[in-house]
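Each chain, letter by letter, is given below.
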Amino acid sequence: MPRIVVDVMPKPEILDPQGKAIVGALPRLGFTSFSSVRQGKRFELTVDGEVTDAILAQAREAAETLLSNPVIEDVVNVEVVEA
Amino acid sequence: MTELPLIGEAIAVAAEPRLAGARIGVVTFPGTLDDRDAARAVRLAGGTPVPLWHADNALGDVDAVVIPGGFSYGDYLRAGAIARFAPLMSKIIDAANSDARLPVLGICNGFQILTESHLLPGSMIKNDHLKFMCRDQVLRVENNSTDWTLDYEAGQEITVPLKNQDGQYIADEKTLDALEAEGRVVFRYVGFNPNGSRRDIAGISNAAGNVVGLMPHPEHAVEVGYGPESLDGIGGSDTDGLAFFTSVLNKIVGANK
Numbered sequence: 003m004p005r006i007v008v009d010v011m012p013k014p015e016i017l018d019p020q021g022k023a024i025v026g027a028l029p030r031l032g033f034t035s036f037s038s039v040r041q042g043k044r045f046e047l048t049v050d051g052e053v054t055d056a057i058l059a060q061a062r063e064a065a066e067t068l069l070s071n072p073v074i075e076d077v078v079n080v081e082v083v084e085a
Numbered sequence: 005m006t007e008l009p010l011i012g013e014a015i016a017v018a019a020e021p022r023l024a025g026a027r028i029g030v031v032t033f034p035g036t037l038d039d040r041d042a043a044r045a046v047r048l049a050g051g052t053p054v055p056l057w058h059a060d061n062a063l064g065d066v067d068a069v070v071i072p073g074g075f076s077y078g079d080y081l082r083a084g085a086i087a088r089f090a091p092l093m094s095k096i097i098d099a100a101n102s103d104a105r106l107p108v109l110g111i112c113n114g115f116q117i118l119t120e121s122h123l124l125p126g127s128m129i130k131n132d133h134l135k136f137m138c139r140d141q142v143l144r145v146e147n148n149s150t151d152w153t154l155d156y157e158a159g160q161e162i163t164v165p166l167k168n169q170d171g172q173y174i175a176d177e178k179t180l181d182a183l184e185a186e187g188r189v190v191f192r193y194v195g196f197n198p199n200g201s202r203r204d205i206a207g208i209s210n211a212a213g214n215v216v217g218l219m220p221h222p223e224h225a226v227e228v229g230y231g232p233e234s235l236d237g238i239g240g241s242d243t244d245g246l247a248f249f250t251s252v253l254n255k256i257v258g259a260n261k
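So the protein lines, in turn, are chains D and B. With our numbering applied, the first sequence covers 3 to 85. With our numbering applied, the second sequence covers 5 to 261.
There's no promise every hint is true.
With a Cα cut of at most 25 Å, we get these calculated SDA-like pairs of lysine to any residue [as the list claims (entries may be wrong)]:
{"#": "1", "chain 1": "B", "residue 1": "Lys178", "chain 2": "B", "residue 2": "Arg202"}
{"#": "2", "chain 1": "D", "residue 1": "Lys13", "chain 2": "B", "residue 2": "Asp204"}
{"#": "3", "chain 1": "D", "residue 1": "Lys13", "chain 2": "B", "residue 2": "Gly126"}
{"#": "4", "chain 1": "D", "residue 1": "Lys43", "chain 2": "B", "residue 2": "Gly126"}
{"#": "5", "chain 1": "D", "residue 1": "Lys22", "chain 2": "D", "residue 2": "Phe45"}
Please keep in mind that the hints were generated in silico from the structure rather than gathered at the bench.
Assemble the whole structure, with the sequences as input and the hints as a guide.
Structure (structure tokens):
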């Protein structure tokens, strides 16, 4: 079954409190090379059958309306992944 | 020593019989927590609460709607994001934007649902300190001309409980400037900003003033002895939230000051 992967990230100008907490925790484990972390979301939409242009367009629309909130997030990637 | 009223003894504070005809819908989603408190607040203020279910396709005969706090759909995806697409929400959005301008109050998760619905601008993200916070919070009423704040004095400071994890109000600078210029910042945190909200904003309204959202919980400060504690243990600030509900009830029956 092919899947459509949607990646959503907090907008660059918005402070990501979770990313900030993670970057604070990394040095405690000895990971000292990372100056910044931003945490996003990955969605996998499974399609029964072939991914047509219409289905991909639906995924893009779903990404903009439900999967992300355009006030605080950007959809940074929508791509088809064959199983 | 002043005696506190016993549980169940509380009666509507100066509730007027003519307000009882005003019907306030209180919406319940899966995961809503504060619907009963909101209904009780409506009743204590003198109105008639009407339970509404998220999956209903009709609003029925209500004069206003409260979207209470809680964790609708477990806050999955984003707080309020899934509730926003419930069948009843589209009816509420239409009624709020109609010429009738249905009064709508969103409290905490209800505020998050209103921003996800685009009835109010901006959004809430995690508190800047990342912790759930529960405290009695002082707010200043910056605008007493909305449907839900008519019975407050402009600039009045009130104390109501605050309890949330995703309470940091954010919007871009242009939106914030517009909110300030149009008097749509309805409540501001006083003395302490509990979550990093831009410009200490605790609550906002739409342009018409019928839709109001805020993170703190006025419905938990409506009954003597059970709201935020005052120094003498009675009176004081523990009913500071009641005027939200008397405001809209008086507006509905046409009796505001």
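These are the hints, each one checked on the structure:
1. Restraint check for B:Lys178 and B:Arg202: satisfied, since their Cα atoms lie roughly 12 Å apart, inside the 25 Å limit.
2. Note on D:Lys13 and B:Asp204: the hinted pairing holds, with a Cα-Cα distance of about 21 Å set against a maximum of 25 Å.
3. For the proposed pair D:Lys13 and B:Gly126, the alpha carbon gap of about 13 Å is at most 25 Å, so the pair holds.
4. The suggested pairing of D:Lys43 with B:Gly126 holds, with an alpha-carbon distance near 20 Å, which does not exceed 25 Å.
5. Note on D:Lys22 and D:Phe45: the hinted pairing holds, with a Cα-Cα distance of about 22 Å set against a maximum of 25 Å.
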